[in-house]
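S.K.: So the chains spell out like this:
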Amino acid sequence: QKEVEQNSGPLSVPEGAIASLNCTYSDRGSQSFFWYRQYSGKSPELIMFIYSNGDKEDGRFTAQLNKASQYVSLLIRDSQPSDSATYLCAVNDPQGAQKLVFGQGTRLTINP
Amino acid sequence: DVKVTQSSRYLVKRTGEKVFLECVQDMDHENMFWYRQDPGLGLRLIYFSYDVKMKEKGDIPEGYSVSREKKERFSLILESASTNQTSMYLCASSPQGIYNEQFFGPGTRLTVL
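Just so you know, the sequences run in chain order X and S.
Going by my numbering, the residue at position 95 of the first sequence is 95; the numbering climbs one at a time, nothing skipped.
Going by my numbering, the residue at position 49 of the second sequence is 1049; the numbering climbs one at a time, nothing skipped.
What the hints contain is simulated information worked out from the structure, not anything from laboratory work.
Do not take every clue at face value.
[What the hints assert, rightly or not] From chain X, some residues computed to sit far from chain S (all C-beta separations above 12 Å):
hint, residue
1, Asn22
2, Asn66
3, Arg77
[Unchecked claim] Dumping the calculated BS3-like pairs for lysine-lysine here, alpha-carbon to alpha-carbon at most 27 Å:
hint, chain 1, residue 1, chain 2, residue 2
4, X, Lys42, S, Lys1003
5, S, Lys1055, S, Lys1003
6, X, Lys2, S, Lys1055
7, X, Lys42, S, Lys1013
8, X, Lys2, S, Lys1057
9, S, Lys1057, S, Lys1070
10, S, Lys1053, S, Lys1003
11, X, Lys56, X, Lys67
12, X, Lys67, X, Lys2
13, X, Lys42, S, Lys1071
14, S, Lys1057, S, Lys1003
15, X, Lys42, S, Lys1018
16, S, Lys1018, S, Lys1057
17, X, Lys2, X, Lys56
18, S, Lys1071, S, Lys1018
19, X, Lys42, S, Lys1057
[What the hints assert, rightly or not] Not everything, but these chain X residues come out facing chain S in the computed CB check (under 10 Å):
hint, residue
20, Gln6
21, Ser8
22, Phe34
23, Ala90
24, Asn92
25, Asp93
26, Gln98
27, Lys99
28, Leu100
29, Val101
Where is the CB? At the ideal position from N, CA and C, for every residue including glycine.
Could you put together the complete structure from these sequences and hints?
M.R.: The structure is reproduced here in structure tokens:
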């Protein structure tokens, strides 16, 4: 059974600080990695994707991938109360064609 | 603009009823997926489809079936609803390729009494 593990939280971060969200995955063959944000009562929306080792930056968000350690993370700089949500890590299933395997999500709260 | 729509936002059904959940995407995507989401259990894949009339079981297909007669439409069927099928149901679609994101619909919150 392929696994994607996230700390379920809740993770509480003061406004303006850096929020760091972590994810590990079990299948070394995975090649694409996604971070989704899900507000309470809403559906997931993509905020970042990464395919290559290293960092990828988009505005206040940075995704980091380390395939050797099977680890992917999301950093949110200058955290805002509007960043309060559940963040889902998703990884492609190498044996499952275009399926994604989702972690359980980390609930993030930004405190004003 | 990318769009995945689901037939109902909220649905209340009785035990034993046959339930249809419909999903439509307007992006000409090949892949479509049905998930259910429950607190503490995350997103779990029920069924998916790579093409018209094609379907594959996901991780929890028991008690469900699907239909894909047209490329844009993917239906989830609960043959005989049970209380343990009370959940949030999410439909998603994606183009072919492992580097493509899945786009989600707004979800249907189903309650089975």
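S.K.: Now tell me if each hint is right for this structure.
M.R.: Structure-based check of each hint:
1. Asn22: Since the minimum Cβ distance to chain S is about 16 Å, asparagine 22 (chain X) lies beyond 12 Å and the statement holds.
2. Asn66: 19 Å, holds
3. Arg77: Non-interface label on arginine 77 (chain X) holds, nearest chain S Cβ at 22 Å vs cutoff 12 Å.
4. X:Lys42 / S:Lys1003: 15 Å, holds
5. S:Lys1055 / S:Lys1003: 22 Å, holds
6. X:Lys2 / S:Lys1055: 21 Å, holds
7. X:Lys42 / S:Lys1013: 22 Å, holds
8. X:Lys2 / S:Lys1057: 16 Å, holds
9. S:Lys1057 / S:Lys1070: 19 Å, holds
10. S:Lys1053 / S:Lys1003: 22 Å, holds
11. X:Lys56 / X:Lys67: Measuring from Cα to Cα gives roughly 14 Å; hence the hint holds.
12. X:Lys67 / X:Lys2: 16 Å, holds
13. X:Lys42 / S:Lys1071: 25 Å, holds
14. S:Lys1057 / S:Lys1003: 24 Å, holds
15. X:Lys42 / S:Lys1018: 26 Å, holds
16. S:Lys1018 / S:Lys1057: Judged against 27 Å, a Cα distance of about 20 Å means the pair holds.
17. X:Lys2 / X:Lys56: Between lysine 2 (chain X) and lysine 56 (chain X) the Cα gap is close to 25 Å, so the pair holds against 27 Å.
18. S:Lys1071 / S:Lys1018: Between lysine 1071 (chain S) and lysine 1018 (chain S) the Cα gap is close to 23 Å, so the pair holds against 27 Å.
19. X:Lys42 / S:Lys1057: 25 Å, holds
20. Gln6: Since the shortest Cβ distance to chain S is 9 Å, the answer is holds.
21. Ser8: With Cβ-Cβ at 8 Å, under 10 Å, it holds.
22. Phe34: 6 Å, holds
23. Ala90: This hint holds: alanine 90 (chain X) lies near chain S, its Cβ roughly 8 Å from the closest one there, short of 10 Å.
24. Asn92: 5 Å, holds
25. Asp93: 9 Å, holds
26. Gln98: 5 Å, holds
27. Lys99: 7 Å, holds
28. Leu100: This interface hint holds because 6 Å falls under the 10 Å limit.
29. Val101: 8 Å, holds
Every hint from the earlier list agrees with this structure, and none is contradicted.
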